[in-house]
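Colleague: Here is what each chain is made of, one letter per residue.
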Amino acid sequence: MGIKISVCGKGGSGKSTLVSLLANAAQARGLATLVVDSDESNSGLFRMLGFDQPPVPLMALVGGKEGIKEKMNQPSILSEAEITLEQIPSEYINEKNGFKLISIGKIHQALEGCACPMGVLSREFLKKLRLGPDEIAIVDMEAGIEHFGRGIDNSLDAVLVVVEPSFESIALAEKIKELASGINKQFYAVLNKISSESLVAEIRANLNKRGMETIGVISYDASVFLSGLKGDTLSRGRATRQAGEILNSLLPAKSS
Amino acid sequence: MCLSTVYIQSEDRRIKVMQDVAQMEYTHEGYLMIGLLGDQKLIKGVIRKIDFVDDHFVILEAEK
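From first to last, the protein sequence lines are chains Z and D.
Take the first sequence: its position 231, counting from 1, is numbered 395 in the working numbering, and each next residue is one higher.
Take the second sequence: its position 28, counting from 1, is numbered 35 in the working numbering, and each next residue is one higher.
Errors might be hidden in some of the hints.
Okay, derived cross-link-like pairs now, BS3-like style, lysine-lysine, Cα gap no bigger than 30 Å in a straight line [unchecked claim]:
{"id": "1", "chain 1": "Z", "residue 1": "Lys270", "chain 2": "D", "residue 2": "Lys48"}
{"id": "2", "chain 1": "Z", "residue 1": "Lys373", "chain 2": "Z", "residue 2": "Lys349"}
{"id": "3", "chain 1": "D", "residue 1": "Lys51", "chain 2": "D", "residue 2": "Lys71"}
{"id": "4", "chain 1": "Z", "residue 1": "Lys292", "chain 2": "D", "residue 2": "Lys48"}
{"id": "5", "chain 1": "Z", "residue 1": "Lys349", "chain 2": "D", "residue 2": "Lys23"}
{"id": "6", "chain 1": "D", "residue 1": "Lys23", "chain 2": "Z", "residue 2": "Lys292"}
{"id": "7", "chain 1": "D", "residue 1": "Lys71", "chain 2": "D", "residue 2": "Lys23"}
Calculated directly from the structure, the hints in this document are not laboratory data.
Model, not experiment: these values are computed from the prediction.
Input sequences plus hints: build the corresponding full structure.
Modeller: And the structure:
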């Protein structure tokens with residue numbers, strides 16, 4: 165069976181960036197890669213992955229927030245007990261160079277209400293998603309920890325937390341580890357925006373002291389920073405190679 | 008989670024009837040519950056308690 169992993173952490177720590185880097189690395193490894201955009205706030209993941217526009221969100225399958233009451237009683241793939249990648253209608257998937265992107269839904273207007281329906285949809289989709297042996301799903305989570313309260317992580321195989329060099333990021337990672345452990349999920353920290361070996365040593369020691377294992381390091385990369393600033397596709401440089409090393413560590417860990 | 012879980016209470020037993028209920032409508036046959044993904048159930052009973060804050064649940068008492 166394939167593996168489902170989530171990428172979470174503090175807002176601005178680089179979750180979408182790591183998701184994109186991992187997706188590139190997984191594709192290079194020959195895995196059929198599905199990126200699930202489960203963050204209702206961010207808007208630029210599709211650009212990082214090289215798409216011109218986002219896919220139609222899965223929320224549209226249940227009518228979107230505005231039409232939910234009219235459409236939710238109509239059958240769709242979401243009513244099935246299991247969902248494979250092939251079953252998802254093409255308009256809900258962006259596909260390019262071997263990887264696929266789907267989006268759960270986005271907040272578009274002020275006063276439109278809470279994101280609870282998106283949370284349920286995300287949880288149910290990930291629970292029903294059946295992956296083949298050479299398939300991987302990488303979930304870009306919303307910032308913070310509410311997704312644990314919503315049960316979105318319950319069906320995942322591993323939780324990655326992105327840690328940037330800040331106390332808040334480390335403290336949140338510790339909380340995420342506690343929550344992930346509470347539902348028996350493998351948990352790994354990935355250091356991001358790292359500018360020196362001494363910084364790696366300092367943060368790794370801090371994480372170790374708090375009982376967290378670091379599975380990889382993404383160095384500060386000027387080209388990634390510039391791509392993020394311009395809203396361009398991420399370039400495949402050093403950071404992608406480092407994401408590949410994380411993936412190599414993660415996949416044997418999953419099968420052991 | 009704003010979507011609710013519906014329970015039926017009969018004497019000392021409380022049984023979960025449906026989770027993630029997005030809409031609940033009174034009909035002559037009972038309460039029609041509709042889930043976010045299109046699943047539906049009809050339940051007979053009298054609403055005894057609705058909690059809008061903790062756990063978001065609805066408790067119906069079974070008809071005797």
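Colleague: Within 30 Å, alpha carbon to alpha carbon, are lysine 71 of chain D and lysine 23 of chain D?
Modeller: holds, 18 Å
Colleague: When you check the alpha-carbon spacing of lysine 292 of chain Z and lysine 48 of chain D, does it fall within 30 Å?
Modeller: Holds, at about 21 Å.
Colleague: Are lysine 373 of chain Z and lysine 349 of chain Z close enough, with their CA atoms no more than 30 Å apart?
Modeller: holds, 20 Å
Colleague: Decide if the proposed pair is consistent with the structure: lysine 349 of chain Z and lysine 23 of chain D, CA atoms, cutoff 30 Å inclusive.
Modeller: holds, 26 Å
Colleague: Starting from lysine 51 of chain D, check that the Cα of lysine 71 of chain D is at most 30 Å away, please.
Modeller: Since the Cα atoms of lysine 51 of chain D and lysine 71 of chain D sit roughly 10 Å apart, the hinted pair holds (cutoff 30 Å).
Colleague: Taken at face value, is the distance from the CA of lysine 48 of chain D to the CA of lysine 270 of chain Z at most 30 Å?
Modeller: Holds, at about 29 Å.
Colleague: Take a quick look at whether lysine 23 of chain D and lysine 292 of chain Z sit within 30 Å of each other, Cα to Cα.
Modeller: Within the cut-off at roughly 21 Å; holds.
Every hint, counting from the list given before, is met by this structure.
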